Amino acid sequence: MAVLSLREKDARFGWKLVLPTVILISLLILYPVFYNIYLSFFEVSISDTPNKFVGLQNYKEILFDSSFWKSFGITILFTLTTVIGSILVGLGVALLMNREFPGRNIVRALILLPYVTPLIAIVFAWKYIFLPIDGPLMQFLANFGMNPGNDFVNNPNNAFWVVSIFNIWRNFPFVYLMLLSRLQSIPSDYYEAAEIDGASDWQKFLYITLPELYFVIASVALLRGIWNFYKFDEVYLMSKFANTLPIYIYEKAFSGIPEQGIAAAIATILFIIMISLIGLYVKKVLKW
Amino acid sequence: MKKIIVLMLAVLLVTSIFAKITFWTTEVESNRMQRIRALATIFKAQTGIDVEVVPVEENDLLKQIPIAKNAGTLPDVLESGIEPMILLGSQNFLDEDLSTKIINDFGDIYSGAAKLLSNGKDKFYAIPFHAWVQGIWYRKDMFVSQDLGDPITWYNIALAAKVLNNPQKGVYGIILPKKADAYAEQVFTEVALANGARPIDENGNITFNTPEMVEAFRFYKELGKYSKPGFTTVLDALKGYLNGETAMIFYSTYIMDDIAVEEVQKGRINKFNPQLVKNTGFANKMINTRPTSYGQVVALGVTKNANKDEVEKFIKFLMSDKNYVYWVHMAPGGMNPTRKSVAESDAFLDNPVLERYGKAKIAEIIAALDSVERFEFINGKVITDMSKLSANFVIGKAINYMFANDWTPQQTAMWAQKEAEKVLGK
Numbered sequence: 025m026a027v028l029s030l031r032e033k034d035a036r037f038g039w040k041l042v043l044p045t046v047i048l049i050s051l052l053i054l055y056p057v058f059y060n061i062y063l064s065f066f067e068v069s070i071s072d073t074p075n076k077f078v079g080l081q082n083y084k085e086i087l088f089d090s091s092f093w094k095s096f097g098i099t100i101l102f103t104l105t106t107v108i109g110s111i112l113v114g115l116g117v118a119l120l121m122n123r124e125f126p127g128r129n130i131v132r133a134l135i136l137l138p139y140v141t142p143l144i145a146i147v148f149a150w151k152y153i154f155l156p157i158d159g160p161l162m163q164f165l166a167n168f169g170m171n172p173g174n175d176f177v178n179n180p181n182n183a184f185w186v187v188s189i190f191n192i193w194r195n196f197p198f199v200y201l202m203l204l205s206r207l208q209s210i211p212s213d214y215y216e217a218a219e220i221d222g223a224s225d226w227q228k229f230l231y232i233t234l235p236e237l238y239f240v241i242a243s244v245a246l247l248r249g250i251w252n253f254y255k256f257d258e259v260y261l262m263s264k265f266a267n268t269l270p271i272y273i274y275e276k277a278f279s280g281i282p283e284q285g286i287a288a289a290i291a292t293i294l295f296i297i298m299i300s301l302i303g304l305y306v307k308k309v310l311k312w
Numbered sequence: 008m009k010k011i012i013v014l015m016l017a018v019l020l021v022t023s024i025f026a027k028i029t030f031w032t033t034e035v036e037s038n039r040m041q042r043i044r045a046l047a048t049i050f051k052a053q054t055g056i057d058v059e060v061v062p063v064e065e066n067d068l069l070k071q072i073p074i075a076k077n078a079g080t081l082p083d084v085l086e087s088g089i090e091p092m093i094l095l096g097s098q099n100f101l102d103e104d105l106s107t108k109i110i111n112d113f114g115d116i117y118s119g120a121a122k123l124l125s126n127g128k129d130k131f132y133a134i135p136f137h138a139w140v141q142g143i144w145y146r147k148d149m150f151v152s153q154d155l156g157d158p159i160t161w162y163n164i165a166l167a168a169k170v171l172n173n174p175q176k177g178v179y180g181i182i183l184p185k186k187a188d189a190y191a192e193q194v195f196t197e198v199a200l201a202n203g204a205r206p207i208d209e210n211g212n213i214t215f216n217t218p219e220m221v222e223a224f225r226f227y228k229e230l231g232k233y234s235k236p237g238f239t240t241v242l243d244a245l246k247g248y249l250n251g252e253t254a255m256i257f258y259s260t261y262i263m264d265d266i267a268v269e270e271v272q273k274g275r276i277n278k279f280n281p282q283l284v285k286n287t288g289f290a291n292k293m294i295n296t297r298p299t300s301y302g303q304v305v306a307l308g309v310t311k312n313a314n315k316d317e318v319e320k321f322i323k324f325l326m327s328d329k330n331y332v333y334w335v336h337m338a339p340g341g342m343n344p345t346r347k348s349v350a351e352s353d354a355f356l357d358n359p360v361l362e363r364y365g366k367a368k369i370a371e372i373i374a375a376l377d378s379v380e381r382f383e384f385i386n387g388k389v390i391t392d393m394s395k396l397s398a399n400f401v402i403g404k405a406i407n408y409m410f411a412n413d414w415t416p417q418q419t420a421m422w423a424q425k426e427a428e429k430v431l432g433k
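Residue numbers (this note's numbering), protein chains in the order written: chain A, 25 to 312; chain B, 8 to 433.
Looking at chain A on its own, in the form it has when it is part of the complex (with noise of 0.2 angstroms):
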């Protein structure tokens, strides 16, 4: 038997204790991305004939839909809106929050509770203020001369600005959570030289704060660009009409006679699509 050198035992030491973590993301990741590739080939039955192989037949049929393009393009304005929204209200509300004021701290966990509620509770809650008619909110609107009749929720032509809105609502939270633990770790020497060299607020928000914050708005831009471009739940639960292409592809796969191969395809569209693009963030915006 050969006799191993301290590295060779080291390195298979270090592949036993990973081996585990591999084994697991090759079963719950890895093989389902697989899969559903393979799947992306095949005309998928539902009842008990065999799956029929059509090559590229799905990818072809999606390439020219109109209706999976207009899907995409919602789903990226969606992205781009609730994450520059998000990241928006979520630094204004951190920079509130820096400062110091009486009952601080009650407000700070307060400004947790979209994100913390569960998500079902909430959409309920929306959907009970802007209640035509009855609502709360569309009573109170009423008095300042507003329709009290419309019906904003439900209208299909505001499903895209609803969910939008309840998106950057529920998750500025986050965005602003992230913020607030980097603010406060700037050091104040800096605003200190700062403010001796002159300078205005405005300034030292632009010179200190903004580039002390670049790499977390960065990585929370990614996360969230990442979650908000397949968020299925949120869009669901308020508008199964906003028609983005989560919503699309669970159409595809399970309404109707369901096209399992053709959601199969489009999902694996959009994993490449994914991918490229968070590596080019990644190498350009993040410099890592």
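It is possible that some hints are incorrect.
Computed Cβ-Cβ distance ranges for the label pairs, DEER-style [what the hints assert, rightly or not]:
| no. | chain 1 | residue 1 | chain 2 | residue 2 | range |
| --- | --- | --- | --- | --- | --- |
| 1 | A | Lys76 | B | Thr80 | 30 to 38 angstroms |
| 2 | B | Asp67 | A | Leu112 | 33 to 41 angstroms |
| 3 | B | Asn212 | A | Ile100 | 33 to 41 angstroms |
| 4 | A | Thr73 | B | Ala367 | 44 to 52 angstroms |
| 5 | B | Ala374 | A | Phe256 | 33 to 41 angstroms |
Hints in this document: simulated from the structure, not taken from any laboratory.
Keep in mind the model is a prediction, meaning the values are calculated, not measured.
Beta carbons: idealized from backbone N, C-alpha and C, even for Gly.
We have chain A already, so just place chain B on it with the hints.
Okay, now just chain B, sitting in the frame of chain A:
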């Protein structure tokens, strides 16, 4: 001998431990689930067969089936309306032989109800379990005070909606479905058939663009003018009617206990109007160019991979004697037996709600089951494509967009035509 008995008992014990069936029901409300679970417990006590009852929302049923298929958790029996059943049957999910056998074994199932589940080849996709009829429920007192005729013809309905609409006083002529769901399609079906309009004709052509259909959308939009604002749904209609917010709603006979029973009504709106039963009328048909009535049969479908013997026992248990009456009494008036012997039995009519409406009214409702019309059936033919349009809410979406975008009836019909062509790949 003793040994054989012991062995038989052991076998019985072992099989009874393992015998299990899964039953999906669309009766998701908690009081209904309680009754169904009670029936499952009695069934287990009698036969040793365990029944797992799973509630599934009707609108989600077709989405759940493929998920369950892939996960290997398809139920043995499922209860749902006709559209999902026909779609599942046409996709080869259902055991037509067993359903046909059970229907024949009973021998007294209303042929009109069974016909709606025919596969067109002398067999049945599923077993008709219970049924309801839809129509306009209206406030007779409001109609009489304004000297309006019963809301049976298009003219009478539109006139009543206009005259009785008084938003300043918080009363609307009607509460009409405007959201893209199954309820909108149900109501529109009655409107369209009263004008001789159908989405798909006998030869499978999509016919949303016919003048009859455009006219049906026009009438629907006209009613929308006198309807409660918002994209109202079935629950808005029910609560609005019980609250006295509207003069008319489209609803099935399921509403009968909500109107008549104090505790049911209080469960919906937190108050009770004892005069409502007396003041409520029901228009069980609609006429414009022809008369029509709309109803729904809820069926029990047996999946192909089911435990057949256990399922047969369970269905026969559910549809016999006091078990059957106990089931249909969970929604008196709404759930009517599809077996003639049970529908005519004293046990079925022995119910506080059914008594208040009277034997004659109940008989009239059940008899209507032999004449209900649906888009899925023309002259004995089954239009399976219609189930695909329903599953994709094509009609509901068309109505939703018509109100949201203020489309003309022509625009709406054209959109529905294109959408239907897309869904059916034509």
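Results for each hint:
1. A beta carbon spacing of about 24 angstroms between A/Lys76 and B/Thr80 contradicts the range 30 to 38 angstroms that was offered as a hint.
2. For B/Asp67 paired with A/Leu112, a C-beta distance near 37 angstroms keeps the hint of 33 to 41 angstroms intact.
3. A hinted range of 33 to 41 angstroms for the beta carbons of B/Asn212 and A/Ile100 is consistent with their spacing of about 38 angstroms.
4. Distance hint for A/Thr73 and B/Ala367: a CB-CB separation of about 51 angstroms, consistent with the stated range 44 to 52 angstroms.
5. Range check, B/Ala374 to A/Phe256: about 47 angstroms between beta-carbon atoms, so the 33 to 41 angstroms window is missed.
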